[in-house]
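Chemist: Chains as they are written, first to last, in the numbering used here: chain Z, 1 to 397; chain E, 398 to 821.
If you are wondering where the hints come from, they were derived from the structure by calculation, not from laboratory data. Values in this document were obtained by computation on a predicted structure and should not be read as measured data. Ideal Cβ placement from N, Cα and C applies to all residues, glycine included. Check each hint, because a few of them may be wrong.
Okay, the calculated beta carbon distance ranges per label pair [to be verified]:
no.: 1; chain 1: Z; residue 1: N300; chain 2: E; residue 2: G638; range: 39 to 45 Å
no.: 2; chain 1: Z; residue 1: A36; chain 2: E; residue 2: G638; range: 27 to 33 Å
no.: 3; chain 1: Z; residue 1: F248; chain 2: E; residue 2: A697; range: 39 to 45 Å
no.: 4; chain 1: Z; residue 1: Y378; chain 2: E; residue 2: F706; range: 46 to 52 Å
no.: 5; chain 1: Z; residue 1: W245; chain 2: E; residue 2: F706; range: 42 to 48 Å
Derived DSS-like pairs: lysine-lysine, alpha-carbon spacing no greater than 27 Å straight-line [stated by the list, open to error]:
no.: 6; chain 1: Z; residue 1: K249; chain 2: Z; residue 2: K275
no.: 7; chain 1: Z; residue 1: K173; chain 2: E; residue 2: K414
no.: 8; chain 1: E; residue 1: K777; chain 2: E; residue 2: K526
no.: 9; chain 1: Z; residue 1: K173; chain 2: E; residue 2: K755
no.: 10; chain 1: E; residue 1: K755; chain 2: E; residue 2: K696
no.: 11; chain 1: E; residue 1: K821; chain 2: E; residue 2: K600
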Amino acid sequence: MAGSLGEALLLPLLAIITALIVGAIFIALTDPVVLAALGNFFNAPLAAVAAIGNSVVTAYVSLFRSSFGDPVRMVNALVSGDPNRLRLAFWPLSESLVASTPYIFAGLAVAFGFRCGLFNIGAEGQLFIGAICAVWIGYSIGLPWIFHLPLALLGAMVGAGLWGAVPGFLKAKTGAHEVITTIMMNYMAYRLADWLLHGPMMRPGYNPISPDILPSAYLPKFFADPIRFHAGFFLALFMAWVVYWLLFKSTLGFEIRTVGANPSAAKYAGMNITKNFVLAMGISGALAGMAGANEVLGLNHNLASAFSSGYGFDSIALALLGKSHPAGVVLAALLFGFLRSGATGMQSYAGIPIDIISIIQALVIIFVAAPAIVRSIYRIRIRREAGGEVFTRGWGG
Amino acid sequence: MSVMTMTTGNRTRVVSKGRMIGMGVTFVILGLLIFAFFLPGTTVAQKTEFGLNTFTRVEVISLPPLILPTQMAIIAAGLICLGLGAYQLVRGFGRATEVMLGLVVLMFVIAFLTWAARDNAFNLTGILKTTLLLATPIALGGFSGVLSERAGVVNIAIEGMMLSSAFMSTLVGSVTGNLYLGLLGGISIGVLMAALHGLLSVKYKVDQIISGVVINILAVGLTSYLASRFLEKYQELNNPGTFQPIAIPLLSRIPIIGPVLFENNLIVYLLFGLMFAIHFMLFYTRWGLRTRAVGEHPKAADTLGINVFNMRYINVLLSGAVAGVGGAYFTIGSVGRFDEVMTAGKGYIGLAAMIFGKWTPFGAFGASLIFGFADSLQTKLQILNVPIPSEFLLMAPYLATIIAVAGVIGRATPPAADGIPYEK
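With the hints as constraints, model all of the structure from the sequences given.
Modeler: Printed below as a string of C-alpha cells:
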C-alpha cells in the first residue's frame with residue numbers, strides 16, 4: 001500500500017510546489033523594486049537577480065513566519081517558560097489552526113457532495129445559514145453550557161442541512177442542476193442574512209450586527225488572549241472521522257458512493273436516488289453550516305453583515321486537492337489555513353496583497369485537476385491515472 | 398401523460414398536457430395573488446401617477462404623466478390574469494403559451510407598481526432606462542454562455558472573464574487614454590481566459606465546471622492582487638473615463654422608446670448588435686448549424702467531417718470575447734473605475750439568464766431584463782416606502798431562476814452534449 005499512498009501524495013505535492021514556484025515568479029514580476037531593477041538590467045544584471053531573489057525570499061520568509069511562527073522566538077520562549085512570551089511566539093501557529101478549522105468543515109461538505117456525484121457550490125450560502133441559526137440560538141435562549149452549545153451547533157446543522165437538501169431534492173425530482181440552484185441559493189442566503197441583520201436580528205443601535213451570543217454558547221478556548229485557538233478545531237477533526245466512517249463504513253455511505261459512481265447502476269440495484277441525493281446534499285449542507293457556526297461560536301460571537309468568508313468557495317479547491325477523502329481534506333485544509341494566515345503576514349511585512357493566495361489556490365487546482373500538465377513538467381509517468389470523481393454533466397442532470 | 402407534438406419553425410417541440418395545466422394554474426394563482434395582496438387597502442378615489450419623461454437632453458416632446466385609478470387598474474390586471482388562466486386550462490394557448498406567460502407576469506408587475514405607487518408618482522420611463530442599463534452586463538454574460546454551451550462547453554467562467562475584462566479595459570483605457578483600445582484590451586483578456594478554459598476543458602478534459610471555477614478564482618486573485626499592487630498606488634491607472642451616450646438622430650426623439658433605447662453608449666448598442674448577430678449566426682448560417690450539431694451530437698457531427706475540437710475552441714473563444722465586452726461595461730461602460738470583485742456575481746446571473754432564456758440570445762436578453770428590472774426596482778421602492786423588505790425583492794429573480802431550472806414553468810432543455818468532453 002505504501003507505493004500507492006506515495007503515488008497518491010506525489011501529484012498533489014508537486015502541484016503545490018509548482019503553484020508556489022509560479023506564485024514566486026508572479027510576486028517577483030509585480031514587485032516595483034524588481035521592475036525597476038529589471039529596467040536597469042543591462043547596466044547591473046546582478047542587482048536585478050539580487051532584487052528578484054530578495055523579493056521572493058522576503059515574501060516566503062514572511063509567509064512562513066506568520067503561519068508557523070519565528071523558530072528562534074519559539075525556542076527562546078520555550079526556554080524562558082514565560083507564559084506571555086509563549087503566547088506571543090505561538091500566536092501565528094494558533095492563528096493558522098484557527099483559519100484551518102472552517103476550511104476542514106467546508107472542505108468536508110464539498111467532498112461529501114462530490115462522493116455522491118454532486119457539485120455543491122452552495123457551501124458559502126449554507127455557511128451563512130449555519131451562522132444565522134447558531135447566532136440566533138446563541139443569543140436568544142439562555143441555557144446551561146452543556147445544553148446551549150450543542151443546541152446551537154445542532155441548530156446550525158439542521159438549518160443549513162435543510163437549506164442544502166433543497167438542491168438535492170430538486171435535482172432528483174426535476175433534474176435541475178445543483179450548480180445553478182446552489183449558486184442561486186447562495187445569493188438568497190446573502191439577502192436573507194442582510195434582511196435579518198437590518199431587521200429582526202439587528203442589535204439595538206444603527207449597525208447591522210446581531211446581538212452578542214451568551215458565553216454559554218461559546219466554543220471553549222484553552223488559552224488566554226491573544227491565542228484564539230478554540231475547541232472548534234477538535235470538533236472539525238472529529239467530524240472528519242465521522243465523515244470517514246459515514247462514507248466508508250456505513251451502508252448509507254456505500255449507497256451514496258454507488259449513486260455517485262453510477263446512478264443508473266445504483267437505481268438498478270434498487271437504491272433510491274432521490275433519498276441519496278437529498279441526504280448527500282443535506283449532510284453536505286450541515287457540514288458547511290458547522291463552518292459558519294464555528295466562526296460565530298468560536299471567534300466572532302456575533303454575526304455582522306460584513307461577515308463574508310470566502311471559505312465556502314475555497315472549499316471546492318480543498319475537496320479537489322484532498323481527492324474528496326476526509327484525511328486528504330484535513331491535510332488540504334491545514335495547508336490552506338496556513339497559507340491564509342501566512343498571507344496576512346505577507347501583506348503586512350512584505351507588502352504583498354493577500355490575494356496572491358487566491359492565485360496560488362487556483363494554480364493548485366489547475367495542476368491537480370489536470371495532472372497531465374504536472375506530469376509533463378516533471379516528466380513522470382504514473383502507472384494508473386489517478387481516479388477523479390465523475391460528476392453528473394451538463395445542466396439537465 | 399398524453400403528449401401532443403407541434404412543429405414550430407424549424408424544429409419540433411413537445412408540449413405536454415401536464416405543463417399546459419401547470420401554466421394555467423400559475424396564471425390563475427398570479428391573478429388571485431393580485432386580488433389578495435394589492436387590492437386590500439386601496440380606495441376608489443386613489444390615483445397612481447406614472448411619469449413618462451426621463452428629462453434627458455434629447456427629449457423635445459414632453460409627455461403628460463399617465464394617471465391611473467389605482468383600484469380599477471389592479472382589478473383589471475387581476476381579471477386579465479384570471480381570464481388568461483381559465484382559457485389556458487380549458488383550451489390552451491399552444492405555442493403562444495410563453496407569450497401569455499410574459500403577459501401575465503407583466504400584468505402582475507403593473508398591478509404591483511400601481512399598488513406600490515398609489516397616491517404617489519413613479520417614473521416609468523426612468524425605471525425602464527435603468528432596467529436596460531442594469532441588464533446589459535447580465536445579457537452579455539448570457540450571450541457568452543449561449544455561444545459556448547451551444548457548442549457543448551459549459552461556461553461558468555463568465556464571471557471570471559468579465560472581471561478580468563473589467564480590470565483590463567480600465568488599465569488599457571487609462572494607459573492609452575483611448576476607450577476603444579480599452580474595450581479591445583478587455584475583449585483580449587476575455588479571449589485569453591477563454592483560451593485557458595478551452596485548453597483545460599477541451600484538451601485536458603478537466604471537468605468543465607471545475608475549469609470554470611478555477612478561472613473564477615484565478616480572476617478574483619489576479620485582479621484584486623494587481624489592483625491593490627498598482628491601481629491603488631497609481632490612481633491615474635484607474636481613471637479611463639467612460640463611453641458617453643450617443644443619441645441616434647430621429648429615433649431618439651420617439652417618446653418613451655427613444656430615450657430608453659436610442660440614447661445609450663457604445664456597449665449597449667453592441668449588446669443589441671450582438672443579440673441579432675448571434676441569433677442570425679446560430680440559426681441561419683453553416684457555422685451555426687455546425688455549432689449546434691457539435692453541442693447536440695458531437696459524434697454524428699464528427700462522422701460528417703466537422704472538427705469537433707476546433708468548433709468548440711472557436712466557440713469558447715468567441716464566448717470569451719463577448720464576456721469581455723460585458724466586463725468592459727462595468728468600468729469604461731458605466732462607472733469609469735475598477736473596484737475589487739466589482740462584477741459581484743453578474744456573470745453567474747448571466748448564466749442563469751441563459752438557462753432562463755433557453756439557450757437563445759433573445760431569451761437570454763429577455764431574462765436579463767427581468768433581473769435588471771428587479772435590481773432597479775429595489776432602489777425605487779425604498780423611496781416609495783413599500784412595506785416589503787427590498788432584500789426579498791432582490792431574492793425574487795434567484796427564486797425565479799430556480800423555478801425555471803426546475804422546469805415548473807417551461808422546462809429548460811440544454812444542448813444534449815452540453816458539458817460532456819468529446820473523446821474521439
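Chemist: Does each hint hold? Answer for all of them.
Modeler: Cross-check of the supplied hints:
Checked against the hint of 39 to 45 Å, the C-beta distance between Z/N300 and E/G638 comes to roughly 41 Å, which is consistent with it. Judged by the Cβ atoms, the range 27 to 33 Å given for Z/A36 and E/G638 holds: they are separated by roughly 29 Å. The hinted range of 39 to 45 Å is satisfied by Z/F248 and E/A697, whose Cβ atoms lie roughly 41 Å apart. One distance hint, 46 to 52 Å for the beta-carbon pair Z/Y378 and E/F706, is violated here, with the actual separation near 26 Å.
In this structure the hint that Z/W245 and E/F706 lie 42 to 48 Å apart at CB holds, the actual value being about 44 Å. This hinted pair checks out: Z/K249 and Z/K275 have alpha carbons roughly 19 Å apart, not beyond 27 Å. For the given pair, Z/K173 sits about 18 Å from E/K414 by alpha-carbon distance, which is consistent with the 27 Å threshold. Annotation: proposed proximity of E/K777 to E/K526 holds, straight-line Cα distance about 13 Å (limit 27 Å).
Straight-line distance between C-alpha atoms of Z/K173 and E/K755 comes to about 20 Å, which keeps the hinted pair within the 27 Å bound. At most 27 Å may separate the alpha-carbon atoms for a hinted pair to count; E/K755 and E/K696 meet this at roughly 23 Å. A C-alpha spacing of about 12 Å is found between E/K821 and E/K600, which places the hinted pair at or below 27 Å, so the restraint holds.
Hint compliance for this structure: hint 4 alone is broken.
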